[in-house]
Amino acid sequence: MTKQIKAVALISGGLDSMLAVRVMQEQGIYVEGINFFTGFCVEGHTHAIRKQDQNKQKRNNALWVAEQLGIKLHIIDVIDEYKDVLINPKHGYGANMNPCLDCKTFMVTKAMEWIAENHFDFIITGEVIGQRPMSQRRDTMNIVSRDSGAKNLLVRPLCGKNFPATYPEEQGWISREGLLDFNGRSRKPQMALAAKFGFDEYAQPAGGCCFLTDENYSRKLVDLWQVQGHKDYDFDDVLLLKIGRHVRPRPHFKLIIGREEGENKFMEGYKKRFGYLYTKSHPGPLVLIDGELKEGDAELAAQITGRFGKGKHADRITVALVDTDGNETEFEVTPMSGDDFPQEWYL
Amino acid sequence: MTTHVLDVKNQLCPIPVIRTQNQAKKLAPGDILEVVCTDPGVVNDIPAWCRINGHEVLGIEKRDNGEIVVSLKI
Numbered sequence: 001m002t003k004q005i006k007a008v009a010l011i012s013g014g015l016d017s018m019l020a021v022r023v024m025q026e027q028g029i030y031v032e033g034i035n036f037f038t039g040f041c042v043e044g045h046t047h048a049i050r051k052q053d054q055n056k057q058k059r060n061n062a063l064w065v066a067e068q069l070g071i072k073l074h075i076i077d078v079i080d081e082y083k084d085v086l087i088n089p090k091h092g093y094g095a096n097m098n099p100c101l102d103c104k105t106f107m108v109t110k111a112m113e114w115i116a117e118n119h120f121d122f123i124i125t126g127e128v129i130g131q132r133p134m135s136q137r138r139d140t141m142n143i144v145s146r147d148s149g150a151k152n153l154l155v156r157p158l159c160g161k162n163f164p165a166t167y168p169e170e171q172g173w174i175s176r177e178g179l180l181d182f183n184g185r186s187r188k189p190q191m192a193l194a195a196k197f198g199f200d201e202y203a204q205p206a207g208g209c210c211f212l213t214d215e216n217y218s219r220k221l222v223d224l225w226q227v228q229g230h231k232d233y234d235f236d237d238v239l240l241l242k243i244g245r246h247v248r249p250r251p252h253f254k255l256i257i258g259r260e261e262g263e264n265k266f267m268e269g270y271k272k273r274f275g276y277l278y279t280k281s282h283p284g285p286l287v288l289i290d291g292e293l294k295e296g297d298a299e300l301a302a303q304i305t306g307r308f309g310k311g312k313h314a315d316r317i318t319v320a321l322v323d324t325d326g327n328e329t330e331f332e333v334t335p336m337s338g339d340d341f342p343q344e345w346y347l
Numbered sequence: 001m002t003t004h005v006l007d008v009k010n011q012l013c014p015i016p017v018i019r020t021q022n023q024a025k026k027l028a029p030g031d032i033l034e035v036v037c038t039d040p041g042v043v044n045d046i047p048a049w050c051r052i053n054g055h056e057v058l059g060i061e062k063r064d065n066g067e068i069v070v071s072l073k074i
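First to last, the sequence lines map onto chains A and B. Going by this note's numbering, the first sequence opens with residue 1, and the numbers climb by one from there. Going by this note's numbering, the second sequence opens with residue 1, and the numbers climb by one from there.
Just so you know, nobody snuck in bad clues.
Just the calculated beta-carbon pair ranges, DEER-fashion:
1) B:E34 x A:G70: 20 to 30 angstroms
2) B:E56 x A:V78: 26 to 36 angstroms
3) A:K310 x B:E67: 23 to 33 angstroms
No lab work stands behind these hints: they were computed from the structure. Where a beta carbon is used, it is the ideal one built from N, C-alpha and C, also for glycine.
Please build the complete structure, drawing on both the sequences and the hints.
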């Protein structure tokens, strides 16, 4: 009886990994998927939190892709391990805080561990030469193969013809003729292949699913590290950087201001970690205080809180400041006007 | 057959799916797992995870307090 050859695929939820798996399935390979959760693939979180997004589709694209392909999917929490990738990237960052090359190497390394534990034969990714400026160039793709230890056990079905033969090809498990030679940023070849396979629906995330490629998000992360004085974070930091307006009126504290009801509700879960402000006299946002308030700061924070509430045009409003022990202090203040609010306070 | 309860309230997807997946590995075939959640995304994600991994969704209860309980059979 012939041994069933098994491969594990890195599944992001996008089209490329979906196609790569189907190309291998066409060659009779049994495939299961792995999706790594770094904490920064938080698109779904925002939709889950914001009330205005409640009607948007909330499906997990990796699960959806796995279901379309008829494969098992293993979602693996790598939040803690990923810290070292983000904090100390050997190959540096991309345009923002995205350590794409180290990230890909890390994920392939983890996949290597997974195939060893689960007795699979090789690894599949949906990478395409030239598709991404940092991690998907010929030279950097070779670095991923080398530094992950995967070497010739890493198969890129969508551009495999552009690389030397891999071990699965040498062993006759897969044929080179069945691989593709995609190259460059154009999505047309992928779309044509999707049509051939009958995939008429697939996720097309702009810029990928990682918030580290987002300029605004990256700016807030850098601010967090600068204020802390060291590069570190926990999962709540990762989430909070995506929620609310972040305003730093003074170097020693910032305010996280809920933008709508869903965010305010979610932020309530952080009342024991942060002091907070809310407007008692008018409807308004929940405002978390990240940092320490010094003399005069409480009034300033109250004025800023007022600016983002329904009482922003009132002469005087009442704002409550609640510390982490639940002690409440009230302030009568005039909400800060738009003219007095420097735009550079926004992170 | 034993019924187990997994509390993933205030956790956002995919954390509830990951914790369901990890808990399911420890259970015996036929066991029931009730996953108590608050993220509405679980209504799609946990059933999808069950379908691809061969588990049966017995029901989804949406409670007045906002909790969502997904019951599944291992």
